[in-house]
Structure formats: structure tokens, C-alpha cells
Amino acid sequence: MIRTTDLDRAAFCSGRAIRVLLEPLSAVPLEISPVVLPLADNHSVTKPATGVADDRTQLTRGTASALTNNDRPNTPQQITTQQHSKTNRIECTAGRRSPGNPVTHTTYERPEISDHDLEYHTMARIDAKLPPGLAQLLEASGECGLFRGKSDAARTALRAYFDQNPEIAMAAIRELVSESDNDGEGMTLDEAVRLTGQSPSTFSEELRAVLCANADPQQEDGSNGT
Amino acid sequence: MEHEALTISDDQKQLLDGAVSAEVFTSRSGAIRDVLAAYFEDDIERTAALVATTDTVDFESVITVLDIDVEQFAERVRALNVDAVPDRLNAHLDQADSEPITGSVLDEIEAEIPEFEPSTDDEGDSE
Chain A
1 MIRTTDLDRA
11 AFCSGRAIRV
21 LLEPLSAVPL
31 EISPVVLPLA
41 DNHSVTKPAT
51 GVADDRTQLT
61 RGTASALTNN
71 DRPNTPQQIT
81 TQQHSKTNRI
91 ECTAGRRSPG
101 NPVTHTTYER
111 PEISDHDLEY
121 HTMARIDAKL
131 PPGLAQLLEA
141 SGECGLFRGK
151 SDAARTALRA
161 YFDQNPEIAM
171 AAIRELVSES
181 DNDGEGMTLD
191 EAVRLTGQSP
201 STFSEELRAV
211 LCANADPQQE
221 DGSNGT
Chain B
1 MEHEALTISD
11 DQKQLLDGAV
21 SAEVFTSRSG
31 AIRDVLAAYF
41 EDDIERTAAL
51 VATTDTVDFE
61 SVITVLDIDV
71 EQFAERVRAL
81 NVDAVPDRLN
91 AHLDQADSEP
101 ITGSVLDEIE
111 AEIPEFEPST
121 DDEGDSE
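Top line first, the protein sequences correspond to chains A and B.
Position 54 of the first sequence, counted from 1, bears residue number 54 in my numbering, the numbering being contiguous throughout.
Position 54 of the second sequence, counted from 1, bears residue number 54 in my numbering, the numbering being contiguous throughout.
It is possible that some hints are incorrect.
Claimed, not checked - Computed from the model, here is a short list of chain B residues facing chain A with C-beta under 8 Å: (1) 14; (2) 35; (3) 37; (4) 65; (5) 79; (6) 82.
Read the hints as simulated data drawn from the structure, not as lab findings.
Think of the CB as a built atom: it goes at the ideal place given N, C-alpha and C, for glycine as much as any other residue.
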């Protein structure tokens, strides 16, 4: 059995060579403490404490194990730093819009919505009367694992429907624009793009003009419409 | 008709409401029915697999609401699970292996199934 008496644990775990251990050890703990505290705070924020983001939890675990196997960090603070950066990357792929992130601001695609993304999207509850055949198929889709549940199946079906029928989505937008005029709250081009998943260039000139006019004054210079 | 409480995104609900206002659909329930029907009609293989592998899905209920080729659909379900297909249709399919298909058995089966008609009392959809 190896004796570890009189061996500094932090220095030993750092993986540094024995000769290095003979150096003054005062610098090792002093470097660790100021880094770990802020990262620990950040980690508690980005950690999926809601229990919703199961995928991200698994990915984080997988990332940690990959780091341990392939490129084992030498010090505790390096582990924390790499985990933190990985967590940020995963968070960006979860659908949240974050400025400066190249993943989320390059497309006009309607965001994918699953049960895992509930925290990022405002959800609405609706009642639908379905014939037995559809109700059975919807229920079976969830039971067999094809979807996470009936609502997930319905969201997927809606997304596919409006993707395949953009003219219906556009007709819906026209109606929403005309109705929003009555409410005094105009729909903006950004909102219309998000709802339809279509590029602004696909909107008619007339509709685009209305949507641009409804936009905020600072966006009326055309920067959001082209 | 069965009541289903579904959670969809606010954006999707807005689009549905806009489409109803544009008279693409008669009601929000009608829209959900059409959208789901289109979804299950689009991928017959997947729908056939659901019918074949899930006891709670009834073959005749499904062919009532979906606009699909019943015989082709039955063949696919049968390939996965013979028991899921009604006996009469099975017998017809067995016979069809050696004889030209007449469609009379399918007509008979479909005639016995009450045609699905969307109700018009959907105005009470909750927000």
C-alpha cells in the first residue's frame, strides 16, 4: 500500500511531476480559489435545474467523461472551465437566441419545439375534438415512443403542415395582420418571419410594407426587412 | 368524438387562429383534425406500423378518418401484423394473391363503417 502521509493532496492530484512537488506549494491553492467560485456560480445558472433539459444533462455527462478519458485536465479549475464552456455550447444548441452565436441567427427556420424546449417557448393549451381513429393514432404515437406524447406529436404535425403549406401560413399571417390593426398592436416583420418560417423576400410587397410599418421606429430603416 | 387537451406553441396557435380567420379551416378543432390526418396520411408506412403494433389502434377507425388507399394500407399492416387487419379483408387479400382484385370486399367493409363528418359545434374551443 502506498503511503500518502505528508503528501499534499492538491499537488498530488494535479499530476505534476515529483520534482515539481518539491517547489513551493503556496501558489497552487491560491490559483484555484479565485477561479472556482465564479465558475461555480455560473454553473448553477446554466445547469438544467428545472429537470427539463434531460438531453443537455446527458451531453454534459458525456462531455465530462470524454474529457477525462482523452485529455485529462491537470487541475480542478481546468476541469471546471472546460465543463463550463461545454455547457455554454450545449445551451446554444437548445434553441435559445443568444447574440453573437452563429448557430441561431443565420436561418429563418421555425424553431424546433419539443418538450425539452418548453422553457424557451410560450406554450398554449387547446382542446380538440378528434374522431376515434385520429385520437388512437395520436395516443399510440406517444405510447410507442415515436413522440414524447400526444402534444409533441401534434406540434410536429403542425410544424410539418405549415412547412409543406407555406401559402396557408401566409394566409394566416395576412389575417393576423389585419386583425392586429384592429387591436392597435401591429404584427412586425420579425414576428411574421418567425411564425411562417419564410424569408422576408417571400412576403408580398404590400404585406411586407405593412409589417415594416408596424415595426419599431429604429427598425424602420429597412435593416430588418432585407 | 374524443376531447384531447393538447399543448402547442403560442406561435402555432396563432397560425391556427389566423388560418381559421382566413377560412382555411372551419374551427381550431377542425384544423387540428385536418393537420393530423394529413400527417398520418403522408407516411403510410409509419401509420401502418402504429396500427400493426399497437393494440389500442383500430384498423377500421383509422381507415375511416384517413384518405388513403385502403387495400394498399391493409397490405402494409398485414405485412407487419396479420391480426390487426379484419378477417374479411385478410381473406380478400389472400384471395387477391391468386385472383384479380375486385374491391367488392373493401366496398362492403367501408359501407359498414359510418362516415366521419366533422362536427360544427367547435365554437367552444378554449383559448
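Return the numbers of the hints above that this structure violates; sort them in rising order.
-> Numbers 5 and 6, in rising order.
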